[in-house]
Amino acid sequence: RPIPGGVARPLFMCKPYINAHLLKGNFKTIVVLPKHVDRGEWIALNTFEFYEYIKLFYNTCREFCEKCPTMSAGPGTDYFWLGTDRKPRPLPAYTYIEYVLTWINNRLTDESVFPTRTPHGVTAGPTQIIASPQGMQGGQTWLGKEAGFPPTFLSNCQAIFKQMFRIFAHIYHTHFVNIVHLSLEAHLNSFFAHFIAFSREFDLLDSRDLDPLRPLIAFDDKGVFQGPKHAS
Amino acid sequence: LGSTKFDEEETRISRDPGQYQPVTRERATATKLKVELFYKQNVQHALERNQRRNDLENRLASEPRMSEERKNLQRINFGTQESNFLRLRRTRMVAEDFHTIKVIGKGAFGEVRLVQKKDNGKIYAMKTLLKSEMFKKDQLAHVKAERDVLAESDSPWVVNLFYSFQDAIYLYLIMEFLPGGDLMTMLIKYEVFSEDVTRFYMAECVLAIEAVHKLGFIHRDIKPDNILIDINGHIKLSDFGLSTGFHKTHDQAYYQKLLEKAQAPSAPKSDRNSVMVDAIHLTISNRNQVNTWRKSRRVMAYSTVGTPDYIAPEIFIHQGYGQECDWWSLGTIMFECLIGWPPFCAEEAHETYRKIVNWQESLYFPEEIHLSPEAEDLIRRLITSADQRLGRGGAEEIKRHPFFHGVDWNTLRQVDAPFKPQLKSMTDTTYFPTDDLENVPDAPAVAAMRAAQAQGNMQPGPGEETGLPFIGYTYKRFDQLNRQGGI
Ligand SMILES: Nc1ncnc2c1ncn2[C@@H]1O[C@H](COP(=O)(O)OP(=O)(O)OP(=O)(O)O)[C@@H](O)[C@H]1O
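Chain order of the listed sequences is A and B. Residue numbers are given in our numbering: position 61 of the first sequence equals residue 61, and the series is strictly consecutive. Residue numbers are given in our numbering: position 290 of the second sequence equals residue 290, and the series is strictly consecutive.
No wet-lab data here; the hints were simulated from the structure. Treat the numbers as computed from the prediction; the structure is a model and nothing was measured. Honestly, I wouldn't trust all of these hints.
[To be verified] Only part of the chain A face toward chain B is listed, based on derived beta-carbon distances under 7 Å: (1) H36; (2) F48; (3) N59; (4) E66; (5) T116; (6) H181; (7) L182; (8) D221.
Just so you know, even glycine gets a beta-carbon here, dropped at the ideal spot from N, CA and C.
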């Protein structure tokens with residue numbers, strides 16, 4: 001939990017860095033569901049891509065992160081890892097993020113969670129039944145059903161987004177100075193704003209989880225997200 | 001709206017990336033490039049998607065008699081197609097998805113295989129490239145740009161690239177399989193071509209090179225092994241940029257070495273017993289020797305050094321060169337088709353290099369071989385200094401040359417080719433030197449990697465992927481792939 005007041009402004013909230021952006025515009029063009037396109041498929045692809053790129057940013061931070069004692073996201077916020085025994089325990093950030101990335105990767109490559117091998121428009125064949133066994137239970141519907149995603153599709157994506165947000169939070173609070181030295185702040189800011197815009201559009205993040213970066217999001221709400229429609 | 005108090009605080013730190021490890025700085029650079037490409041592609045995808053939807057709506061609007069129901073069906077189909085494209089972008093293909101039928105080509109950094117996709121039985125050519133070698137010499141930017149050309153070009157003159165993926169060790173390119181082999185293999189078989197046959201291949205090369213130039217690129221590595229023959233006997237240029245040829249021929253340090261060698265006072269002539277001694281004096285009565293030379297040329301194609309035989313002099317000496325360098329290469333290939341060996345061939349690369357730089361003295365047409373005046377004239381107008389070279393003002397100049405008199409440039413690809421591959425099946429490799437290939441040892445880098453793999457110490461580092469943004473298969477590709485039955 002962040003301590004209110006009395007703490008130094010984090011670097012990522014300072015000018016000029018907070019204003020640095022790779023992209024101008026409010027991300028609408030690349031965020032909203034394209035017409036006629038399957039909603040589940042759109043969310044799946046974007047989840048996949050956010051994962052690929054957050055991994056890049058994190059890889060750049062590896063050198064520094066190896067020394068982080070905890071998975072911190074600002075004063076008073078430490079993320080705990082839920083072990084198999086369901087007991088939360090602190091982990092070094094490096095280990096925590098390693099676990100998270102592996103966990104996400106395992107989901108994304110699990111054909112029963114994110115099917116890739118069955119094309120759309122294949123009328124109920126054996127492969128489709130395998131892809132979503134629950135699809136056989138009559139009457140029910142869920143996000144991603146038509147494309148063969150399981151009923152847990154949305155909650156799977158939400159769980160992934162929640163963990164990705166934590167990686168952002170750790171990078172912003174702990175490694176932003178390194179990011180600035182490497183001149184990556186404009187890229188990170190735009191990527192994060194894109195991430196937030198997408199998760200808002202499809203309800204992928206719980207508002208309660210946003211606290212560690214709420215001021216940054218609020219700042220973007222007055223700036224980036226107000227911007228003209230993305231053009232060029 | 002009053003400004004928030006955040007705006008008031010300003011902090012500046014003086015950037016010092018030098019304090020970090022080189023690997024971290026490299027990662028930062030790669031991240032920047034990849035993220036920039038990601039957004040460029042993202043916006044591009046959105047624009048193209050809109051365009052396709054507008055096209056559909058325009059088409060539907062122009063069909064007043066089509067029922068609303070049928071129109072909606074078309075929209076649904078369109079959505080399915082688009083969704084499939086999204087799915088494909090998320091699909092991670094792996095080498096295990098393909099079954100190797102035969103190795104059909106070898107390179108310094110990998111090989112080309114005839115493969116079959118396990119799930120649908122489709123046939124492709126799969127090129128593997130050793131990533132560690134490609135990234136050694138700052139290939140990133142080049143590879144990126146050149147890969148884009150390939151993927152974007154819808155040209156019938158360039159080999160189609162369907163898909164690319166990578167693992168920790170290799171980059172894989174899945175392309176269409178051209179069953180007719182390459183022009184080098186054809187030259188080994190036929191020794192020389194008649195002027196008519198030469199005219200056909202040169203005319204097709206003119207159109208192919210023109211197509212590459214129109215895409216804004218310079219091929220820089222046109223040689224008989226990069227000119228592939230399709231099922232009907234027509235040519236296509238092999239993928240470039242990713243090819244080792246690019247790597248080899250653009251390594252300035254390598255040229256520097258050649259230059260020093262060539263300038264060393266009377267470099268002692270190697271007296272090793274080589275089939276290539278006196279290559280320049282090969283004559284038509286000496287065909288066996290020509291072919292022995294060619295075979296050693298093929299082995300050279302597999303080596304890291306490569307052959308400078310077809311490279312224009314300005315690439316060696318000046319910093320700058322333009323599209324006309326490809327027309328020089330064409331001239332040298334034409335010479336080889338008619339005479340039997342390339343004009344500057346020599347036992348060692350530095351000797352070839354010296355001859356190319358001194359082309360005025362070393363370009364020599366053997367007397368006993370009769371060439372028509374038009375053919376010799378065209379060769380001389382291509383193998384000449386860049387500012388004099390035919391083609392510097394566009395491919396039209398070459399097309400108008402008397403040697404090409406009577407060529408119908410618009411229908412060339414539709415006419416019957418002089419040699420049409422006779423194939424027994426989809427996977428016939430008659431036109432590839434597969435037996436020779438079995439005896440060609442792996443290139444050192446490839447062999448080293450295989451050994452390391454065998455010892456099991458070549459696991460990818462956790463989470464580490466030095467990959468390039470090879471996610472750029474475009475919709476066009478996808479669309480084509482669909483039309484051809486898909487991957
Ligand atoms: N798409 C293809 N279909 C059939 N054969 C191919 C294809 N691509 C390449 N080959 C064969 O493999 C050989 C080697 O391919 P390529 O020239 O692309 O690789 P390389 O030797 O590593 O690169 P470079 O020739 O640029 O140095 C070609 O000469 C050709 O015989």
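Please name the hints from earlier in the document that this structure breaks, with their numbers sorted from lowest to highest. Those not satisfied are hints 4 and 8.
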